[in-house]
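Note that the protein sequences, when read in sequence, are chains A and B. Its first residue numbered 1, the first sequence is counted upward by one per residue in the numbering used here. Its first residue numbered 256, the second sequence is counted upward by one per residue in the numbering used here.
Derived contacts from chain A toward chain B, CB cut-off under 8 angstroms, selection only:
#1 Ser8
#2 Tyr85
#3 Gly86
#4 Thr87
#5 Arg89
#6 Leu91
#7 Leu92
#8 Arg94
#9 Pro96
#10 Ser97
#11 Asp252
#12 Val253
#13 Ala254
Sample of chain A residues with no beta-carbon within 10 angstroms of chain B, all distances over it, derived:
#14 Leu102
#15 Ile137
#16 Gly143
#17 Asp146
#18 Arg148
#19 Ala149
#20 Leu230
Hints are computed from structural coordinates only; laboratory data are not their basis. No residue lacks a Cβ here, since even glycine has one placed at the ideal position from N, Cα and C.
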Amino acid sequence: MTKLRRPSLSISTIVAVAFVTGLVTSLLFLLVDSPEGNGERGVRIGRDVLSLASGVSLGFSNAAGLLGIVALCIFAAQTAQEYTYGTLRNLLVRQPSRMKILLGKLASMKLFAIAMVTLSALLAVSLSYLFAGVKDISTQAWGTSDARAELLRTFINVLIATIGYGIFGMILGLLFRSPISAISIGVIWNLIIEGLLSAFVTNIDRYFPGQLLSIVALGGNERISYQYALFTSFTFLLVGLTIVSFLFKKRDVAN
Amino acid sequence: MSSPLALDVADLSKKYGDRMALSHANFEVPMGSICGFVGPNGSGKTTTIRMLLGLITPTTGSGHVLGESITQPEKYLPQVGAMIEGPAFYPALTGAQNLAVLAKLGGFDTDAIQGLLDLVDLGDRGNSKYKTYSLGMKQRLGIAAALLPKPKLLVLDEPTNGLDPAGIQEIRNLLRKLADNGTTVFVSSHLLSEIEMISDHLVMLRLGKVIFSGKTSELLAKQQPLIVAKPEHRNDLDKLVMIAIQAGHSAKIIDESVHVTGAADYSAKFNKSAFDAGIILQTLTPVRASLEDTFFEMTGE
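Okay, chain A solo, but in the shape it has when bound (with noise of 0.2 angstroms):
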């Protein structure tokens, strides 16, 4: 934890978390009249949904993948950078049980996500208030216990989206051992290649688990079930943390 609330590290993450969740809330609302569409991939989120319950917490779930992806970059960056550094030397002279290191790690990281998605969340509430009020959008629905209820769920849906990306950059670290490495094929694959397969292949987003931690974090969608999406991304996500736990445990640390 000592790493991860250093200022350099404290201030980037807070204006990545910034960028995102601002840039996602704001267009679903300032998109709101616009006939290409204010969601993702050009769906439209039209005013009587915004005005609903759970228009409160749309941009904060909206928002989820790219948070997820900020998330899988610096989890890349500070499992990897212990290789590049040499660091992981040092902390296997003090702590020579490997798995405690990991489990160390996964832990900070989940802390370390909450702060993040607390964030999100806030600036999320605060900013729809805001560009509801800009584009005319009823709020009555907003503050209550239904709302309440909805916006709980979507921060507990995106908390684990998030450790679920987390935990995806983190096994990327460890396979790649270079956060640059790393770094890339998460974004490569994430952003790149499961985007546009799912956007021109039917029904292949069930199989990719960054498309379904997606879906997690917007508690599922009409095609895929919140439950589905959940099962089949961990079962992902812990196959490859078995994996590369293994190999973490029996490689030589040589640099």
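Position chain B against the provided structure of chain A, taking the given hints into account.
Below, chain B alone, put in the same frame as chain A:
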């Protein structure tokens, strides 16, 4: 009764593909000694140290550190301090923060950190970021980190890299002090003069093989003492060589001097023989074999 061992390895080997980085190494390091670990670049020193610290798995063979098998590093590493292949810390954290990370990981007292920083002369730079440190300061922080567990065994790989002469002397004195207090020090270095000054025990590697393991004094005693004579006139070099050979000693010309194998008590006789032959000597110096000379002779470097 032999003294207990801090380190012992038996038939220890490490193979990478077709290359034997370390081949059937056997050596012992007594507890409480300062043991120099020397060898040319690529001779297997760092590979050996990594195996002793559980970072890499041996291909064959066994080893013990503080009486525990190297297959169970969790049993002995809490009592071992190490700096391998130079210092490695998080650039964006301060020196003190870097030590705190390691102290918390190992369950050591973080209150001791300032004392350690003072010990290695970083007391006033502990709150500066590691990335602002000079090479010498980074090295000192690495040594401070190695001392965190108040170790029974200290393993240092090139601890004086980047240090100025005053810094080298300080480290030498510190290691001596630690050994006097019962800590075993296992130090690899290219500064053979420094190793010779502090080590009472030596392990020497060449091409992945142990070519010597034992007391430093035993190694140096095996080497023939020399007498180095420089004549006033260069033309007399060959005559001097003949004088030494006729007296039953071997001799060779190196850099306008004659190196004669022989104890210091031959100097007077050699000087007289040279004088009788009309040769005036500019200098006549008995030379004890140094570790550096011995190293070059044994490793062929």
